[in-house]
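Enquirer: Protein chains in written order, with our numbering: chain A, 337 to 509; chain B, 337 to 509.
What the hints contain is simulated information worked out from the structure, not anything from laboratory work. Check before you lean on any hint, since a few could be wrong.
[Stated by the list, open to error] Here are the simulated lysine to any residue pairs, SDA-like style, with alpha carbons at most 25 Å apart: (1) B:357 with B:457; (2) B:379 with A:426; (3) A:464 with B:464; (4) B:384 with B:431; (5) B:357 with A:421; (6) B:464 with A:425; (7) B:384 with A:428; (8) B:417 with A:471; (9) B:417 with A:457; (10) A:356 with A:503; (11) B:464 with A:494; (12) B:357 with A:357; (13) B:407 with A:497; (14) A:417 with B:417; (15) B:417 with A:356; (16) B:417 with A:465; (17) B:417 with A:464; (18) A:357 with B:417; (19) A:388 with B:400; (20) A:357 with B:424; (21) B:417 with A:449.
The residues making up each chain are set out below.
2 protein chains.
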Amino acid sequence: MDSVILGFLGLGDMTGYEIKKRIGLSTRFFYNASYGSIYPSLKRLTEKGSVKADRVVENGRAKVIYSITDKGRQELVDWLKSPAPSVHIRYEFLVKLFFSQHLPRDRRVEMVSQHIAELQMGLEELRKVEAETRGRVDSCQLYTLNFGLDLIAFLVGWYENLLEQMEEEHGCE
Amino acid sequence: MDSVILGFLGLGDMTGYEIKKRIGLSTRFFYNASYGSIYPSLKRLTEKGSVKADRVVENGRAKVIYSITDKGRQELVDWLKSPAPSVHIRYEFLVKLFFSQHLPRDRRVEMVSQHIAELQMGLEELRKVEAETRGRVDSCQLYTLNFGLDLIAFLVGWYENLLEQMEEEHGCE
DNA sequence: GGGGACATGTAATTGGTTACATGATTAC
DNA sequence: GTAATCATGTAACCAATTACATGTCCCC
């Protein structure tokens with residue numbers, strides 16, 4: 337978590353509120369956070385000296401603008417260089433699909449159809465984000481945006497194919 | 337968590353140890369758990385009456401065989417029917433990629449190459465699981481197995497394409 | 001004057017991991 | 001005899017969410 341905050345501050349100075357908004361926009365699909373984790377994290381990082389907190393008043397509004405320090409920048413790079421704990425994807429729908437033999441077939445079909453619908457909504461949202469941000473972000477951020485787009489397309493295709501397969505079958509048994 | 341345990345017990349009676357082993361085999365890529373969460377969960381479920389615990393001794397080994405009750409079966413079905421909280425995938429490597437502008441280009445390429453290697457290892461492991469289980473599981477469990485296989489293939493392809501793109505570029509800026 | 005976005009934070013709780021503690025059986 | 005696997009559990013800890021608590025500015 338701390339590393340992700342550092343990552344955002346590496347893109348520019350911002351407030352806790354802004355970090356939350358940015359996470360909601362850009363990394364929501366593969367990482368999310370609430371104020372309850374952002375502010376304590378910011379506090380920790382400030383105490384450690386990885387970020388600097390500036391209390392300012394901007395058009396009458398008191399805010400705390402955080403910026404990354406050299407120490408923080410070093411920590412960020414170290415984290416980026418460290419090996420990511422091998423792929424660990426938590427995907428609840430798939431768990432349900434795994435156990436869905438306990439459901440009647442039509443219910444299972446419904447489940448998958450609904451999931452496809454959700455994915456497609458996600459795709460639309462991502463497209464909006466894309467329209468807003470393309471051209472205003474660096475290519476690394478673009479990579480992940482494209483990843484999201486391509487992944488959802490893959491998933492939709494996969495589940496559509498699954499639906500066809502299910503139609504042919506009698507059930508999970 | 338409790339629901340996942342119920343799911344496994346829905347497939348047959350087993351011990352906590354066996355549940356852990358099964359999770360490691362079949363759902364590891366999209367769900368994992370440790371003893372520290374399995375046993376307390378089993379305890380909770382027993383107290384609630386969703387599972388039944390039978391202390392037996394089998395070839396000198398004392399074990400507790402858990403089985404799902406009618407109540408538990410109902411809870412399992414309810415969970416399966418409940419809408420999954422819309423796709424929530426936590427993928428640390430992608431977060432790193434998102435912020436990787438702070439890394440030199442060759443380092444970034446290395447990062448992606450290593451991730452591909454890891455994915456390929458995962459693929460091999462999954463293939464082993466496939467060889468062992470295909471024919472011995474119901475088609476729902478097969479769905480998720482195939483999903484894993486197809487997903488990894490997609491990911492490898494995607495990252496390989498990314499590498500090519502990266503070669504052409506000068507950096508993330 | 002009221003709703004929405006801006007803005008910051010804490011407290012209680014949840015959900016989980018890691019590490020510890022223990023001990024039997026089996027196969028080499 | 002010793003290492004791997006089978007087997008069960010607890011305690012300390014950690015990371016994060018939810019809900020709460022508070023207040024301002026801006027636009028209608």
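Enquirer: With reference to the structure, classify each hint as holding or not holding.
Expert: Comparing the hints with the structure gives:
no.	hint	verdict
1	B:357 with B:457	holds, 20 Å
2	B:379 with A:426	holds, 24 Å
3	A:464 with B:464	violated, 41 Å
4	B:384 with B:431	violated, 39 Å
5	B:357 with A:421	holds, 20 Å
6	B:464 with A:425	holds, 20 Å
7	B:384 with A:428	holds, 23 Å
8	B:417 with A:471	violated, 42 Å
9	B:417 with A:457	holds, 20 Å
10	A:356 with A:503	violated, 43 Å
11	B:464 with A:494	holds, 22 Å
12	B:357 with A:357	violated, 40 Å
13	B:407 with A:497	violated, 34 Å
14	A:417 with B:417	violated, 42 Å
15	B:417 with A:356	violated, 32 Å
16	B:417 with A:465	violated, 31 Å
17	B:417 with A:464	violated, 31 Å
18	A:357 with B:417	violated, 32 Å
19	A:388 with B:400	violated, 54 Å
20	A:357 with B:424	holds, 17 Å
21	B:417 with A:449	holds, 13 Å
Hint compliance for this structure: hints 3, 4, 8, 10, 12, 13, 14, 15, 16, 17, 18, 19 are not met, and every other hint is.
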